[in-house]
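Line by line, the protein sequences are chains A and B.
For the first sequence, position 134 (counting from the first letter as 1) is numbered 134 according to the working numbering, and the numbering increases by one without interruption.
For the second sequence, position 340 (counting from the first letter as 1) is numbered 340 according to the working numbering, and the numbering increases by one without interruption.
No lab work stands behind these hints, which were simulated from the structure alone.
Built from N, CA and C at the ideal position, the CB exists for glycine as well.
Watch out, some of these pointers could steer you wrong.
What the hints assert, rightly or not - Chain B is faced by these chain A residues, among others (derived, beta-carbon under 7 Å):
1. Val32
2. Gly56
3. Glu59
Claimed, not checked - Output of the computed footprint for chain B on chain A, the stretches with three or more beta carbons under 8 Å from beta carbons of chain B:
4. 18-31
5. 70-84
6. 136-150
What the hints assert, rightly or not - Derived EDC-like pairs: lysine to aspartate or glutamate, alpha-carbon spacing no greater than 16 Å straight-line:
7. Lys28(B) x Asp97(A)
8. Lys28(A) x Glu68(B)
9. Lys317(B) x Asp53(A)
10. Lys433(B) x Glu68(B)
11. Lys317(B) x Glu58(A)
12. Lys317(A) x Glu58(B)
13. Lys28(B) x Glu84(B)
14. Lys127(B) x Glu58(B)
15. Lys317(A) x Glu84(B)
16. Lys79(A) x Glu68(A)
17. Lys28(B) x Glu68(A)
18. Lys72(A) x Glu84(A)
19. Lys28(A) x Asp97(B)
20. Lys127(A) x Asp97(A)
2 protein chains.
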Amino acid sequence: MRKQEDFSEWYNEVVELANLTDKRYPIKGMNVWTPYGWRLMRLIDTFIREECDATGHEEVCFPLLIPETEFKKEKEHIKGFDAEVYWVTHAGLNELDVRLLLRPTSETAMYPIFALWVRSHTDLPLKVYQIVNTFRYETKQTRAFIRVREIHFFESHTCHVDEADAQRQVEEDFVILENLMERLCLPYLLLRRTEWDKFPGAYYTVGVDTLLPDGRSLQLGSIHHYRENFSRPFNITYEDEKGEHRFVHQTTFGMSERLVGAVVAVHGDDKGLVLPPAISPFQVVIVPIPTKGNVERVAEECQRLRAELAAAGLRVKLDDGDERPGSKFNNWEIRGVPLRLELGMRDIEGGKVAYARRDTGGKGALDRSAIVPQVHEVLRAIAVDMRARAATASGAAIQDLDSLDRVPEKVVRFGWCGEEECGHRFEERTGLKMLGTPYLKEEYRGRCVVCGREVDRAAYAARSM
Amino acid sequence: MRKQEDFSEWYNEVVELANLTDKRYPIKGMNVWTPYGWRLMRLIDTFIREECDATGHEEVCFPLLIPETEFKKEKEHIKGFDAEVYWVTHAGLNELDVRLLLRPTSETAMYPIFALWVRSHTDLPLKVYQIVNTFRYETKQTRAFIRVREIHFFESHTCHVDEADAQRQVEEDFVILENLMERLCLPYLLLRRTEWDKFPGAYYTVGVDTLLPDGRSLQLGSIHHYRENFSRPFNITYEDEKGEHRFVHQTTFGMSERLVGAVVAVHGDDKGLVLPPAISPFQVVIVPIPTKGNVERVAEECQRLRAELAAAGLRVKLDDGDERPGSKFNNWEIRGVPLRLELGMRDIEGGKVAYARRDTGGKGALDRSAIVPQVHEVLRAIAVDMRARAATASGAAIQDLDSLDRVPEKVVRFGWCGEEECGHRFEERTGLKMLGTPYLKEEYRGRCVVCGREVDRAAYAARSM
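Same shape as in the complex, but just chain A (with noise of 0.2 Å):
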């Protein structure tokens, strides 16, 4: 496996080998979630849950099925995803009246509802959000995590009494974004996108994306807000402290699976995965290297140091197997175990446990009688310095671009004078796709790379994924 040589291949080598997903379901594009890469989306899930519930979200589930009538209210909406859609036609043995289609996000399913729960300005902010997956007809070429047609994902929705409380709910996005990021120890950029790439009703869309190794950029996740463009066809109307009807701001949050894609991606290396501890399904494993005569003693020290670990709440494996332990360590390598214990008589006999770093390799020994606090040490300087790295190899995928004349392989920052025109003719031009401009603005001075105005905002650029 080399992700220098050939990053698409790696890709799938190294999802497949670490046995995260099963992608031989007789349907393309729905791949089935094996129990470690379950365990993986659903670490990652709980900390979304924890910061959604910290924020005062409450947590709902909408039905999955959306009346084709429901669908149509908002014009935009559903020119976005017609050609996406998957269509129930038939339920048994009748042929329905109404077309129902599998939600690709439920703007359409929980307005109607929303309607219904926002009455008075006391109802207002409404916060919810669900966990649940979702469905598009992707006719590009699939991929594990990040091209799929049934997709895990994350949506938060929300109502405000006006565009000021939206703004402020996006602002508050940014923190759990923000947040959760730093567990998966992505880096990532915020970009306002285009008004010709925004989501489909959207007032602004800010798109969440990481870069990948191969020069590409992903995009895991996306805010929006819609001010009044869903709540106006919805009817979504609350009274004011004047008893005056108002349509209600609304914003969204969504984010997919793409974030284990992502976490593949970014820290992945020729051994296989390399997985932060804050989600990895094990943060610890522990191998026992017994030699001739001492095959219990040390099999019976490793319960006890399983048990330690574990009661200290750590996620720990000892895998007690019969293979060779080299062969242990290639498998853990593998699929990412963020620490690796190995623990043989003479370790036992110093009082130490000797490990070793997934994400850099390096070894050393710990003291068997403080070993709680310095594990915990160990995979706090790992996200620490796994964090640092995709920093580091993020900000080097991005290149300033001058001209149009020769376009590297990498995500490019230049200057754009915001001018839909001139968009379109970069991305004629250069084969790239506009990502957007910073949400948060960055200092540049520069000329708009195709009409050669000055400006003082950079755009991005990137082929996606």
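Add chain B to chain A, keeping to what the hints say.
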């Protein structure tokens, strides 16, 4: 709300007033999980996960859609579900070559993959489960949690070397079930279904039935032994220790959101829900009882009390809204919170906390200085009493039947010779549905209520909901 007078109307009303679900979604039988209902369901899911994890099951997540070609592999299975499934026939603007159906249950989604996962006897037993939504096109009248078209569902699927090992799994499932039902404080019958009522494709089916106050039975789940009935058409084989290829024996265990329906129906009363402490979204609600001049002091003490209970791991809600205490009492009674604590100046000065039990209405005072252990003790007593009352009611709901002349509006127990002909005749003459025979042998001596033969085993029948 009069539970005894019109159970059916009472049920619908209590579900709505407690805001457990929203039935106004524009597809009949597909309801919205509200924050409160979803918390309750997720707490039940948490216990199911704990039990499954502790017995070596691994959680997975299989795709929702199943190709018609896979679904048709087991002949009885397709016959059983043909009239009940939703069909996806189009995707985007295309008509699909192979129609896809929304899983009504996941045998035919999982088993093509099990055929790839199982190679050798060392891969067995294979024990996986998932918690997902399933779909059935119900044509009967729908009812929240009890008869819906999108169903929140737990399903475990296992593969074994032989029939005896699969049988051991069935018995492990009974333990998992018992542990769960203890937390829900629900009594139940384990009945081996008749041959003509077993699951399509099963060798045998054990139904898990609970008895409702109106004399009907409600199937909460079922456990199936499949023998080789699915492994043959799906070609799930393993190599045994002698190198011979054998078909696996399989079992499944499924339970649905009907668990919520049963909790509502069995425990609720004329004031609303009565929730078992183990699954109640809030176990304790604190209502401040301020009087003039001490509003702040009471609020402060309530905050302190809340923090102390929360730190002890209790799910506690402090209702510090503007309503009168009496109106808060009603609100939390409807929602079924097991224990209400009230705190006013007199309590504070006396070092006491007043309490009211939701299940009995019993009132008293706890010591503020020992509040955590005393709250735990009251919650424990509530659960014990709820279990006892439900068991008594369940016992009283069963009536022995000696002849077919007078059939009461109850669950009936009667002698049955085991012949299919007598069973059918019983069902025709009484209009009841046979639930089957006790899986665990019960003492019984009598005669077949149809043919008069002497029998030592009873059967059960009821109007089913």
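We went through each hint and held it up to the structure:
no., hint, result
1, Val32, "holds (5 Å)"
2, Gly56, "violated (11 Å)"
3, Glu59, "holds (6 Å)"
4, 18-31, "holds (count 7)"
5, 70-84, "holds (count 4)"
6, 136-150, "holds (count 3)"
7, Lys28(B) x Asp97(A), "holds (13 Å)"
8, Lys28(A) x Glu68(B), "holds (15 Å)"
9, Lys317(B) x Asp53(A), "holds (14 Å)"
10, Lys433(B) x Glu68(B), "violated (31 Å)"
11, Lys317(B) x Glu58(A), "holds (15 Å)"
12, Lys317(A) x Glu58(B), "holds (15 Å)"
13, Lys28(B) x Glu84(B), "holds (15 Å)"
14, Lys127(B) x Glu58(B), "holds (6 Å)"
15, Lys317(A) x Glu84(B), "violated (43 Å)"
16, Lys79(A) x Glu68(A), "holds (13 Å)"
17, Lys28(B) x Glu68(A), "holds (15 Å)"
18, Lys72(A) x Glu84(A), "holds (14 Å)"
19, Lys28(A) x Asp97(B), "holds (13 Å)"
20, Lys127(A) x Asp97(A), "violated (33 Å)"
In summary, the numbered hints that this structure violates are 2, 10, 15 and 20.
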